[in-house]
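*Asks:* Following the hints, put chain B in place on chain A, whose structure we already have.
These are the residues of each chain, in order.
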Amino acid sequence: DAGVIQSPRHEVTEMGQEVTLRCKPISGHNSLFWYRQTMMRGLELLIYFNNNVPIDDSGMPEDRFSAKMPNASFSTLKIQPSEPRDSAVYFCASSLAHSSGFGQGTRLTVV
Amino acid sequence: QQQVKQSPQSLIVQKGGISIINCAYENTAFDYFPWYQQFPGKGPALLIAIRPDVSEKKEGRFTISFNKSAKQFSLHIMDSQPGDSATYFCAARSTGYGKLTFGQGTILTVHP
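These protein sequences, in sequence, are chains A and B.
For the first sequence, this note's numbering gives the first residue as 1, with consecutive numbering after it.
For the second sequence, this note's numbering gives the first residue as 1001, with consecutive numbering after it.
Chain A with its partners taken away, still in its complex shape (with noise of 0.2 angstroms):
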């Protein structure tokens, strides 16, 4: 299994700029987790889907984060517009029942 695949590995970008997170998940796992980890805050929970729903995103920060799973071997993340404050790595999870498995991250930079 080729686990968690996230792309970009890195993105640099400019200030007001869209930006658009890609995570393919483990196949056949049923929840998507997305993940913010930064120095100050830890690893913070976003949002996260169960079989392609959205269940909860009271962890999305802003409006400006929205979080898409349009099917069950792809979801995205789209920070519109971005800010310098949204610089961290963002990790996507996948998991079913005990098994699950962390994408190796998007280190996202906007200055």
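Because the hints were derived from the structure by calculation, they are not lab data.
Treat the hints loosely; a few may be bogus.
[As the list claims (entries may be wrong)] Selected chain B positions facing chain A (in silico; Cβ < 10 angstroms): (1) 1046; (2) 1051; (3) 1093.
[Said to hold, decoys possible] Restricting the straight-line Cα-Cα distance to at most 25 angstroms, the calculated cross-link-like pairs of lysine to any residue (SDA-like) are: (4) 1005/B x 46/A; (5) 1099/B x 13/A; (6) 1005/B x 42/A; (7) 1042/B x 1071/B; (8) 1099/B x 2/A; (9) 1005/B x 41/A; (10) 1099/B x 96/A; (11) 24/A x 66/A; (12) 1099/B x 17/A; (13) 1071/B x 1110/B; (14) 1042/B x 26/A; (15) 1042/B x 63/A; (16) 1042/B x 40/A; (17) 24/A x 1097/B; (18) 68/A x 1101/B; (19) 1005/B x 99/A; (20) 1099/B x 42/A; (21) 1068/B x 1007/B; (22) 1099/B x 15/A; (23) 68/A x 88/A; (24) 1099/B x 111/A; (25) 1099/B x 101/A; (26) 1005/B x 56/A; (27) 78/A x 11/A; (28) 68/A x 80/A; (29) 1099/B x 1017/B; (30) 1071/B x 27/A; (31) 68/A x 45/A; (32) 1099/B x 1083/B; (33) 78/A x 98/A; (34) 1042/B x 107/A; (35) 1042/B x 1068/B; (36) 1058/B x 1083/B; (37) 1099/B x 53/A.
Since we're looking at a predicted model, the values are computed, not measured.
Glycine included, every Cβ here is placed at the ideal spot set by N, Cα and C.
*Replies:* Chain B only, in chain A's frame:
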């Protein structure tokens, strides 16, 4: 709301020593308690996990101790090695969809 509290924030241990990281949780609707290990530039990787009906689980040099009544659990790394130097996160999984709540992390440094 911080539902999982982890300590210490950082830990320095000599090679061969025992590393101990502690976590406490508040919500009783958790059904699974994993520990993750994270190396720089990598995603968290599942290290070992325990269910709340078990008081201890051991896998090689790694042991989880779980105290349900105190709502506390800890990770012990025996014979710590420099290669164990990483950030360790405890987590608690909510019943239902598998949502994980993470502790703040512990940066472990094992000196040779």
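*Asks:* Confirm or reject each hint.
*Replies:* Quick rundown of the hints versus the structure:
{"no.": "1", "hint": "1046", "verdict": "holds (6 angstroms)"}
{"no.": "2", "hint": "1051", "verdict": "holds (9 angstroms)"}
{"no.": "3", "hint": "1093", "verdict": "holds (9 angstroms)"}
{"no.": "4", "hint": "1005/B x 46/A", "verdict": "holds (19 angstroms)"}
{"no.": "5", "hint": "1099/B x 13/A", "verdict": "violated (30 angstroms)"}
{"no.": "6", "hint": "1005/B x 42/A", "verdict": "holds (12 angstroms)"}
{"no.": "7", "hint": "1042/B x 1071/B", "verdict": "violated (30 angstroms)"}
{"no.": "8", "hint": "1099/B x 2/A", "verdict": "holds (22 angstroms)"}
{"no.": "9", "hint": "1005/B x 41/A", "verdict": "holds (13 angstroms)"}
{"no.": "10", "hint": "1099/B x 96/A", "verdict": "holds (11 angstroms)"}
{"no.": "11", "hint": "24/A x 66/A", "verdict": "holds (17 angstroms)"}
{"no.": "12", "hint": "1099/B x 17/A", "verdict": "violated (30 angstroms)"}
{"no.": "13", "hint": "1071/B x 1110/B", "verdict": "violated (28 angstroms)"}
{"no.": "14", "hint": "1042/B x 26/A", "verdict": "holds (17 angstroms)"}
{"no.": "15", "hint": "1042/B x 63/A", "verdict": "violated (28 angstroms)"}
{"no.": "16", "hint": "1042/B x 40/A", "verdict": "holds (18 angstroms)"}
{"no.": "17", "hint": "24/A x 1097/B", "verdict": "holds (18 angstroms)"}
{"no.": "18", "hint": "68/A x 1101/B", "verdict": "holds (22 angstroms)"}
{"no.": "19", "hint": "1005/B x 99/A", "verdict": "holds (24 angstroms)"}
{"no.": "20", "hint": "1099/B x 42/A", "verdict": "holds (16 angstroms)"}
{"no.": "21", "hint": "1068/B x 1007/B", "verdict": "holds (18 angstroms)"}
{"no.": "22", "hint": "1099/B x 15/A", "verdict": "violated (31 angstroms)"}
{"no.": "23", "hint": "68/A x 88/A", "verdict": "holds (20 angstroms)"}
{"no.": "24", "hint": "1099/B x 111/A", "verdict": "violated (32 angstroms)"}
{"no.": "25", "hint": "1099/B x 101/A", "verdict": "holds (13 angstroms)"}
{"no.": "26", "hint": "1005/B x 56/A", "verdict": "holds (22 angstroms)"}
{"no.": "27", "hint": "78/A x 11/A", "verdict": "holds (13 angstroms)"}
{"no.": "28", "hint": "68/A x 80/A", "verdict": "holds (14 angstroms)"}
{"no.": "29", "hint": "1099/B x 1017/B", "verdict": "violated (33 angstroms)"}
{"no.": "30", "hint": "1071/B x 27/A", "verdict": "violated (34 angstroms)"}
{"no.": "31", "hint": "68/A x 45/A", "verdict": "holds (15 angstroms)"}
{"no.": "32", "hint": "1099/B x 1083/B", "verdict": "violated (29 angstroms)"}
{"no.": "33", "hint": "78/A x 98/A", "verdict": "violated (28 angstroms)"}
{"no.": "34", "hint": "1042/B x 107/A", "verdict": "holds (11 angstroms)"}
{"no.": "35", "hint": "1042/B x 1068/B", "verdict": "violated (31 angstroms)"}
{"no.": "36", "hint": "1058/B x 1083/B", "verdict": "holds (19 angstroms)"}
{"no.": "37", "hint": "1099/B x 53/A", "verdict": "holds (14 angstroms)"}
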